[in-house]
Amino acid sequence: MFRRALLQQSRQFSSRTFAATAKPSLSIVLPSIRQCAPTLSRGRFMSTEASSEKAAEESKPEAAAASNGNGNGNVDLRAELEALKKELEKKTEEAKDFKDKFTRTVADFRNLQDRTERDKKAAKDYAIQKFAKDLVDSVDNLDRALSAVPEESRTDTENKKELVDLYNGLKMIESILLSTLKKHGLEKIDPIGEVFDPNRHEAMFQVPMADKEPGSVFHVQQTGFLLNGRTIRAAKVGVVATP
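Letter by letter, the sequence shown follows residues 1 to 243 in UniProt numbering.
Treat the hints with care, as some may be off.
Taking lysine-lysine pairs in the BS3-like style, the calculated list, with each CA pair at most 30 Å apart, reads [unchecked claim]:
id: 1; residue 1: 161; residue 2: 171
id: 2; residue 1: 99; residue 2: 86
id: 3; residue 1: 91; residue 2: 101
id: 4; residue 1: 124; residue 2: 99
id: 5; residue 1: 133; residue 2: 188
id: 6; residue 1: 120; residue 2: 130
id: 7; residue 1: 130; residue 2: 171
id: 8; residue 1: 188; residue 2: 171
id: 9; residue 1: 133; residue 2: 121
id: 10; residue 1: 182; residue 2: 124
id: 11; residue 1: 171; residue 2: 182
id: 12; residue 1: 182; residue 2: 236
id: 13; residue 1: 212; residue 2: 236
id: 14; residue 1: 171; residue 2: 120
id: 15; residue 1: 101; residue 2: 90
No lab work stands behind these hints: they were computed from the structure.
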């Protein structure tokens, strides 16, 4: 028990000694801390200001670079737009040129088609022109043979029956021949009483006639012919003269 009491007293003494020595230390340290606090605050504020200024200084070149970059970007964009505009105008002109050429080509092709059709039709219509001209001579010979029979003998079956039969036979042959030629476009021109047409008629002489219209055809010396509406031989005619 003596030892326990001695140990307790020793502990109490140590505690008092530590308290006595600790109090002067805190009283000494606290004023020092209070004196240093403003300095630390100013240092911290100055450090913050320096950091802000440094960040601002660092951001200035970046902002300037960004500004310059945007400016250059705008210039480049405008230049690119101008180039695209010029290219569009060029392509538009080329498209107009191609359209014009295409329209002309189509028109030329259609004209060629029409001309080819006309040429084919003309070749078909007038392929027998030379042959038709040769046939015209045969028709002329028939006309001459028929004209050689006097009109009074053409119906005298009692005295000239053979001549009448020959005349009628030749007349029938001429009629059949002309009908066949007409199927192929060859027609005889009968211009008696028509107004003189230099495209179809050839005036051989003119005679003034009071009972007929001036410029009209009153006599046919040689018959004319048309092949599909085209004159292959003009009729040789006599025309009433203008007084």
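How the hints compare with the structure:
For the given pair, residue 161 sits about 15 Å from residue 171 by alpha-carbon distance, which is consistent with the 30 Å threshold. For the given pair, residue 99 sits about 20 Å from residue 86 by alpha-carbon distance, which is consistent with the 30 Å threshold. For the given pair, residue 91 sits about 15 Å from residue 101 by alpha-carbon distance, which is consistent with the 30 Å threshold. A hinted pair counts as satisfied when its Cα atoms are at most 30 Å apart, and residue 124 with residue 99 does not qualify at roughly 37 Å.
Between residue 133 and residue 188 the CA atoms are separated by roughly 12 Å; this keeps the pair inside 30 Å, and the hint holds. The suggested pairing of residue 120 with residue 130 holds, with an alpha-carbon distance near 17 Å, which does not exceed 30 Å. Between residue 130 and residue 171, the direct Cα distance comes to roughly 25 Å. Compliance with the 30 Å bound is thereby established for this hinted pair. With a C-alpha separation of about 15 Å, the suggested pair residue 188 and residue 171 falls inside the 30 Å cut-off, and the hint holds.
A C-alpha spacing of about 19 Å is found between residue 133 and residue 121, which places the hinted pair at or below 30 Å, so the restraint holds. Restraint check for residue 182 and residue 124: satisfied, since their Cα atoms lie roughly 15 Å apart, inside the 30 Å limit. A hinted pair counts as satisfied when its Cα atoms are at most 30 Å apart, and residue 171 with residue 182 qualifies at roughly 16 Å. Distance hint between residue 182 and residue 236 is fulfilled; the C-alpha atoms sit about 21 Å from each other, no more than 30 Å.
At most 30 Å may separate the alpha-carbon atoms for a hinted pair to count; residue 212 and residue 236 meet this at roughly 19 Å. For the hint linking residue 171 to residue 120, the alpha-carbon distance of about 36 Å lies beyond 30 Å, and the restraint is violated. Of the pairs offered as hints, the one joining residue 101 and residue 90 holds, with about 16 Å between alpha carbons and a cut-off of 30 Å not exceeded.
Consistency with the previously given hints fails for numbers 4 and 14, ordered from lowest to highest.
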